[in-house]
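Please model the entire structure based on the sequences and the hints provided.
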Amino acid sequence: MDSSSEIRYRRSLRRLGVAALAAAVATIAALTAPAGAPAAANPTPARISGSDLSTSSAPAPVRLPGDKGVRNYTPAQLSSFERTGGDPEVLAHWTPERMKAAKPLDAPGDAQWVEDTARAVASKTAAVAAKPVAARLSPSVTNAPTPVTNFSITNGKLFIGGYESGSWCSASAINTASKRVLITAGHCVHDGQGGTWLQNLVFVPGYNAFNSDHDPVGRFQAYWLRTFNEWIDNSNLNRDVGFVTTYSGGDWNSTVVNTIGGHGLVYNGGTEFDTSIFGYPSNRDGGNVMWACWGTATDNSILDNKSKITCNFGGGSSGGPWTWNYDNASGLGSVRSVMSTVNSAGVNKGPYFDQAVVDAMNAANADW
Amino acid sequence: MRVRPPLPLAACLLAVVAALSACGSAAEPGGDTSGVPAPTGPTRPGVLPTRSDLVGAQVVQWRDWRSVDDRTIEVTVTAGPADCYGAEPEVTESETAVRVRIRVGLLPEAADKDCPAIAKESVVPVRLTSALGDRKVEPLS
Numbered sequence: 314m315d316s317s318s319e320i321r322y323r324r325s326l327r328r329l330g331v332a333a334l335a336a337a338v339a340t341i342a343a344l345t346a347p348a349g350a351p352a353a354a355n356p357t358p359a360r361i362s363g364s365d366l367s368t369s370s371a372p373a374p375v376r377l378p379g380d381k382g383v384r385n386y387t388p389a390q391l392s393s394f395e396r397t398g399g400d401p402e403v404l405a406h407w408t409p410e411r412m413k414a415a416k417p418l419d420a421p422g423d424a425q426w427v428e429d430t431a432r433a434v435a436s437k438t439a440a441v442a443a444k445p446v447a448a449r450l451s452p453s454v455t456n457a458p459t460p461v462t463n464f465s466i467t468n469g470k471l472f473i474g475g476y477e478s479g480s481w482c483s484a485s486a487i488n489t490a491s492k493r494v495l496i497t498a499g500h501c502v503h504d505g506q507g508g509t510w511l512q513n514l515v516f517v518p519g520y521n522a523f524n525s526d527h528d529p530v531g532r533f534q535a536y537w538l539r540t541f542n543e544w545i546d547n548s549n550l551n552r553d554v555g556f557v558t559t560y561s562g563g564d565w566n567s568t569v570v571n572t573i574g575g576h577g578l579v580y581n582g583g584t585e586f587d588t589s590i591f592g593y594p595s596n597r598d599g600g601n602v603m604w605a606c607w608g609t610a611t612d613n614s615i616l617d618n619k620s621k622i623t624c625n626f627g628g629g630s631s632g633g634p635w636t637w638n639y640d641n642a643s644g645l646g647s648v649r650s651v652m653s654t655v656n657s658a659g660v661n662k663g664p665y666f667d668q669a670v671v672d673a674m675n676a677a678n679a680d681w
Numbered sequence: 333m334r335v336r337p338p339l340p341l342a343a344c345l346l347a348v349v350a351a352l353s354a355c356g357s358a359a360e361p362g363g364d365t366s367g368v369p370a371p372t373g374p375t376r377p378g379v380l381p382t383r384s385d386l387v388g389a390q391v392v393q394w395r396d397w398r399s400v401d402d403r404t405i406e407v408t409v410t411a412g413p414a415d416c417y418g419a420e421p422e423v424t425e426s427e428t429a430v431r432v433r434i435r436v437g438l439l440p441e442a443a444d445k446d447c448p449a450i451a452k453e454s455v456v457p458v459r460l461t462s463a464l465g466d467r468k469v470e471p472l473s
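These protein sequences, in sequence, are chains A and B.
Numbers given in our numbering equal positions in the first sequence, counted from 1, plus 313.
Numbers given in our numbering equal positions in the second sequence, counted from 1, plus 332.
One thing to keep in mind: the hints can contain errors.
Claimed, not checked - Pairwise CB distance ranges (calculated): (1) A658(A) - K468(B): 38 to 46 Å; (2) D526(A) - A429(B): 31 to 39 Å; (3) D402(B) - L616(A): 16 to 24 Å; (4) R467(B) - I615(A): 52 to 60 Å; (5) R398(B) - G508(A): 19 to 27 Å; (6) A463(B) - I615(A): 54 to 62 Å.
Claimed, not checked - Per the computed footprint, the stretches of chain B lying under chain A, defined by three or more beta-carbons under 8 Å from a beta-carbon of chain A, are: (7) 405-412; (8) 455-468.
Rather than coming from a laboratory, the hints here were simulated on the basis of the structure.
Backbone N, C-alpha and C define an ideal beta-carbon position, used for all residues, glycine too.
If you want it as structure tokens, here you go:
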């Protein structure tokens, strides 16, 4: 973990490969608990806003051009997709030819990576809801190139509207028992108040359009979506957290966590923490490659439950993990918030993780 | 599933003691509103409002276009949410081609707003001075 408070950024030039996976396996023993987090962290009552802490869920809607509506699957089909990794027609439809580079919307002014003024806010120790885990695939079945960076394919691009469509967010895998859960922003699974569930979500770990192989370990189609009612009903950004349960998929037709590893998740900590953030902002290389930003997130306001950091990550970075105790060797950390918003000053904000987020994660885990 | 737990209220009341303002968002109306996930169905890309007073507008590469009627085409771009961002199209027409450039920028009323950082495929309506006919549609460079 970069302990400096200076905010820096870089982009990934290479993708994580076999050596990093091996390194991750080797170092997993040291990761049984995030360093510095007392195992018996005493959760203190969170500052709760948003009175409806329950979540809602829906099967991930699927519709291809030419379909009259959303596809309805029989239980037998769903069971078959478990073997095939999703609806073959959906997976086949979205080819690279259907993509032309979506040119980014650049936020006004390329913000300096400024050092946030630390505020005297709670710096509580976070409690652990999920521990990071390395990928379970044996190195012998991987053929990714030797990595030279610490960028992690535990993070990826979440296409909305099918693979390589012009709408997207960012997401990462969380180590839950089902090994199938991604965490992202609520607005990446549902429009919010007055809106609908989003369609045709496809997660691509370590997506990189600058390589000949855009999807280094394949794709994972969404099976189930989940977010807070407070987001669905009121577009409350304090509850802008979403979960996506995925089919088995990828190049080895395995679960997402067994393929790319899974971050942990911590909650009830302070709103100020050192963080490493990953995502696909459209104002950085057109969202074609993973970027990271790291530094100290600070408390946004006594008026809400958010942290903030000036990364100037624009559209498409939503849902990307704000990891805590990120480990360069393993590419794993613990998610403590997710990217939610950006403003014209380049300030990004993310919601506070309390018990309700853990409950939502556990509900998502039970969606499979 | 939609039953409101008593805890938030208690926490809110406690928070009043420490910081009155902490209850601000908890008191947002609509907490009682129940709802189910909205029915899903066919969707179209949203329409970006066309404006000439955008903040920090920049040229974006458009992906695709389609004819809406004789004198209107819709051009597809990736931008942020339509309640934060707008588009300003620029068109030059010749006998053989229609050339289109799209600028996207923040709506003035969203300049100080926190906007969801999603990348959304959206369409921008572009009016032509004469019927499109057989003319090509291409980027204006």
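Exercise. Checking against the hints above, which ones are violated?
Worked result: 3, 8
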